[in-house]
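Residue numbers (this note's numbering), protein chains in the order written: chain E, 26 to 484; chain F, 26 to 484.
Hints were generated in silico from the structure; no laboratory data involved.
Careful: at least some of the hints might be erroneous.
[As the list claims (entries may be wrong)] Some residues of chain E that are not near chain F, with every Cβ distance over 12 Å (derived):
| no. | residue |
| --- | --- |
| 1 | R149 |
| 2 | D205 |
| 3 | A230 |
[What the hints assert, rightly or not] Computed cross-link-like contacts, PhoX-like style, restricted to lysine-lysine with a CA-CA straight-line distance of at most 25 Å:
| no. | chain 1 | residue 1 | chain 2 | residue 2 |
| --- | --- | --- | --- | --- |
| 4 | F | K347 | F | K185 |
| 5 | E | K52 | E | K185 |
| 6 | E | K185 | E | K472 |
| 7 | F | K185 | F | K52 |
| 8 | F | K185 | E | K156 |
| 9 | E | K156 | F | K52 |
| 10 | E | K384 | F | K156 |
Cβ atoms here follow ideal geometry from the backbone N, Cα and C, with glycine treated the same way.
Number of protein chains: 2
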Amino acid sequence: MDTTRIETVMGQIKRRIAAHSLTPGSKLPSIRAQAKTSAVSISTVVEAYNRLVAEGAIVSHPGSGFYVANQTAPLALSEVGPKLDRAIDPFWVSRQSLEANEDAHKPGCGWLPPEWMPEASLRRGLRALSKAAGTSLAEYGSPLGLPPLRQLIARRMADKGIESSPDQIILTESGTQAIDLLCRFLIEPGDTVLVDDPCYFNFQALLRAHRVQIVSVPYTSVGPDIELFAATLIQHRPRLYITNSAVHNPTGATLSPVVAHRVLMLAEQHGLTIIEDDIFADFEHVAGPRLAAFDGLNRVIHIGSFSKTLSASARCGFIAAKTDWIEGLVDLKIATTFGGGRLAAELVLSVLGDSGYRKYLEALRTRLTRARFDVGARLREMGIEPVVEPQAGMFLWCRLPGPRDATEVARAALAEGIVLAPGNAFSPAQTAGDLMRFNVSQFSNPKVFALLHDALVLR
Amino acid sequence: MDTTRIETVMGQIKRRIAAHSLTPGSKLPSIRAQAKTSAVSISTVVEAYNRLVAEGAIVSHPGSGFYVANQTAPLALSEVGPKLDRAIDPFWVSRQSLEANEDAHKPGCGWLPPEWMPEASLRRGLRALSKAAGTSLAEYGSPLGLPPLRQLIARRMADKGIESSPDQIILTESGTQAIDLLCRFLIEPGDTVLVDDPCYFNFQALLRAHRVQIVSVPYTSVGPDIELFAATLIQHRPRLYITNSAVHNPTGATLSPVVAHRVLMLAEQHGLTIIEDDIFADFEHVAGPRLAAFDGLNRVIHIGSFSKTLSASARCGFIAAKTDWIEGLVDLKIATTFGGGRLAAELVLSVLGDSGYRKYLEALRTRLTRARFDVGARLREMGIEPVVEPQAGMFLWCRLPGPRDATEVARAALAEGIVLAPGNAFSPAQTAGDLMRFNVSQFSNPKVFALLHDALVLR
Chain E
26 MDTTRIETVM
36 GQIKRRIAAH
46 SLTPGSKLPS
56 IRAQAKTSAV
66 SISTVVEAYN
76 RLVAEGAIVS
86 HPGSGFYVAN
96 QTAPLALSEV
106 GPKLDRAIDP
116 FWVSRQSLEA
126 NEDAHKPGCG
136 WLPPEWMPEA
146 SLRRGLRALS
156 KAAGTSLAEY
166 GSPLGLPPLR
176 QLIARRMADK
186 GIESSPDQII
196 LTESGTQAID
206 LLCRFLIEPG
216 DTVLVDDPCY
226 FNFQALLRAH
236 RVQIVSVPYT
246 SVGPDIELFA
256 ATLIQHRPRL
266 YITNSAVHNP
276 TGATLSPVVA
286 HRVLMLAEQH
296 GLTIIEDDIF
306 ADFEHVAGPR
316 LAAFDGLNRV
326 IHIGSFSKTL
336 SASARCGFIA
346 AKTDWIEGLV
356 DLKIATTFGG
366 GRLAAELVLS
376 VLGDSGYRKY
386 LEALRTRLTR
396 ARFDVGARLR
406 EMGIEPVVEP
416 QAGMFLWCRL
426 PGPRDATEVA
436 RAALAEGIVL
446 APGNAFSPAQ
456 TAGDLMRFNV
466 SQFSNPKVFA
476 LLHDALVLR
Chain F
26 MDTTRIETVM
36 GQIKRRIAAH
46 SLTPGSKLPS
56 IRAQAKTSAV
66 SISTVVEAYN
76 RLVAEGAIVS
86 HPGSGFYVAN
96 QTAPLALSEV
106 GPKLDRAIDP
116 FWVSRQSLEA
126 NEDAHKPGCG
136 WLPPEWMPEA
146 SLRRGLRALS
156 KAAGTSLAEY
166 GSPLGLPPLR
176 QLIARRMADK
186 GIESSPDQII
196 LTESGTQAID
206 LLCRFLIEPG
216 DTVLVDDPCY
226 FNFQALLRAH
236 RVQIVSVPYT
246 SVGPDIELFA
256 ATLIQHRPRL
266 YITNSAVHNP
276 TGATLSPVVA
286 HRVLMLAEQH
296 GLTIIEDDIF
306 ADFEHVAGPR
316 LAAFDGLNRV
326 IHIGSFSKTL
336 SASARCGFIA
346 AKTDWIEGLV
356 DLKIATTFGG
366 GRLAAELVLS
376 VLGDSGYRKY
386 LEALRTRLTR
396 ARFDVGARLR
406 EMGIEPVVEP
416 QAGMFLWCRL
426 PGPRDATEVA
436 RAALAEGIVL
446 APGNAFSPAQ
456 TAGDLMRFNV
466 SQFSNPKVFA
476 LLHDALVLR
């Protein structure tokens, strides 16, 4: 038997345990399923699981399956296999995109190329900062974060119909950290949390780190399937729902007012809290409906960041929540990050106030609309069909031609130096095996189409 | 009865519940203890507790006491009292220091005044960044973080005798976030964690957010009391120990080689993992012993940041750990923060490489030695006696004259616009009622001594 393959499977399982994507006591994938995921034979997985039992990492319950051992020590990861073999788990796209070298093609990544970002405004902002007061350069931020930036965020939210006061806004290190802080505040290990299917893969990774149960509801072109949403609230009693209302990731869909209203009524009825992740807000030409606008920051918490259109290098996000929750959130923010990133907040404030930035955003929206049209047309020629027609943003959520496994295509593409985003990385219910998310801003080089074509032919 | 006082006590309890410093099911302080903490009458606390029972926030178990209700919904905090009345919990010093306006005097805070920080180097760094490549300005950092900064950190650690490769180093948003990430990786809710008594107050706040049991061992002028350390490992079987080896916070003590060796032998014997928080490293004239240097990053994880001597505004910290743990830590870092703060890392790299920065550090060390001497002499004149003679750093850990409660002195001082750091904020066992931490860099204005004198006389 191939020892390398056995060790690769062992490494995949150990990594998932170390990353808490498999928690102590939880059941491992069946041998058949793991063989499919790892693209190895059944007997390879049997041997890998047996060795993991011998090491004490997992235990066998005959007749029932294999389970993660209840040991609490971190597992040795020294035998992890090469990264190309990593299973398509919720970390797959993140790791491949973030680790790719700068020449790699990344139509699967979730951000714009640097040359599409507001470089000139950022350079002006940094020059201005180099002349700022010493406190701005060297001291901790205040617990809520830079007051003028919080005021500006409140005004920008008001433009989308969301009423808030700057004292209801807490700056965070990023949108991800905003959701993480809220999870710490709102949920306990073992709680159930609802997400969309498909949803941003890192919601799953983050929720697993919080050791909660994840349930999902299919997302349509106008929001969650409302009948299934209602049934899920009754059946699973989730405490929290995390979603994107505008420019939904990965579908690019926009929530309709009627679905928004029904979601909020059901939330009220079942005591559900909602985190509305609005990090793609600045891509919109015209603001669509926001749950937080209808709800008035009562059961809805609105979060955002500046990573997608301003800078992902200067980390800055925010939480807007009901006044009652701010004190507790600030204590948790101090406990887990101490002072906030004052310098990043000053830079964001400076760029948002730069007149060049507003012009940049207008040009960017037009550029993205054209790219969605052009790239969509090229993809259709290759038999790759967008399943939603987005109003804004960089994503096209597409069905691959014929009976093709998106995971296998993504693996083949990776070997050619191109990072794709296979559908099941986004699908908690694993219902997106023939779907893929494409980022239209990452197709400037025509070679990307050729490489994509090759990967499709190979599989 | 005074309604305001009742509401103040209710607010204090609610805030602690919201911040998880009182977790669901845990016992509230006795009525007598809470009356003392809140400086109100017994009957005020009785009424406050009864109202909290009526609200469902706590439950009464007659004959046993009051307990936090097991409800999981966040509590309404709308009736929280004015912040001046906040109980001296592990958040007290953080909140008062971070929220103080820029004119307030802060001899209790844990950082240097901005005019003591390397402003010129920071300005040069920002100007250089304004001319950097677009990727540096706008893109996410790689999962481990900026390679040349990790190389430089490995070299700086080597200067302290700690051998590591850059691939064993993960950049984080801050020292606090480094410890938070490690807690997520290493411990489970309900585990026991060991800290020093006294220790940095935010260790307690952070550990409470992780819902673990905290045990402590008295810290002497050369490290933890080794007999009690051994007894505690046997009795409580902690999984993790968090400490500062060099320039211990708050005492300023330095670990001796003999204690370091015994701590590591006991750790080996009892399977204890150690986080060595080295954020004050750059204050040292001569590097003292490091646990990570003796241990070779086996059971010791070494963390640091640049907040104390470079900038607390540009957030950047790091973890150095054994190779086996890096993959799992990186997955958790992505799940909870996605890309790291590339811009802050670029700025730190630029400043560390600035020749002006090395000169600044040398001058700073001399300035701090002089300030410890001068401020120490002035404090002694007031009967305030340092209990440790630090080799380096900004802290003097002092006993107040006569039978004085440091908490009451801190409260009186706060009303006069001066933030102090009362001993029990640092003491998990509440053994430091007559002690206080002073930051010698925050006494430039002679008025601080006069205000401190007034606060002592008032109490």
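Results of checking the hints against the structure:
Distance check for E:R149 against chain F: the nearest CB is about 8 Å away, which does not clear 12 Å, and the non-interface claim fails. Some Cβ of chain F comes within 12 Å of the Cβ of E:D205; the nearest lies about 5 Å off, and the non-interface call is violated. Look at E:A230: its CB is around 4 Å from the nearest CB on chain F, not clear of 12 Å, so calling it non-interface is violated. Restraint check: the Cα-Cα separation between F:K347 and F:K185 comes to about 17 Å, which is no more than 25 Å; the hinted pair holds.
Distance restraint check for E:K52 and E:K185: the Cα-Cα separation of roughly 44 Å exceeds the 25 Å cut-off, and the hinted pair is therefore not satisfied. Restraint check: the Cα-Cα separation between E:K185 and E:K472 comes to about 39 Å, which exceeds 25 Å; the hinted pair is violated. A hinted pair counts as satisfied when its Cα atoms are at most 25 Å apart, and F:K185 with F:K52 does not qualify at roughly 44 Å. About 35 Å separates the Cα atoms of F:K185 and E:K156, which puts this hinted pair outside 25 Å; it is violated.
Restraint check for E:K156 and F:K52: the C-alpha separation of about 52 Å exceeds 25 Å, so the hint is violated. With a C-alpha separation of about 22 Å, the suggested pair E:K384 and F:K156 falls inside the 25 Å cut-off, and the hint holds.
Checked against the numbered hints given earlier, this structure breaks hints 1, 2, 3, 5, 6, 7, 8 and 9; the rest are met.
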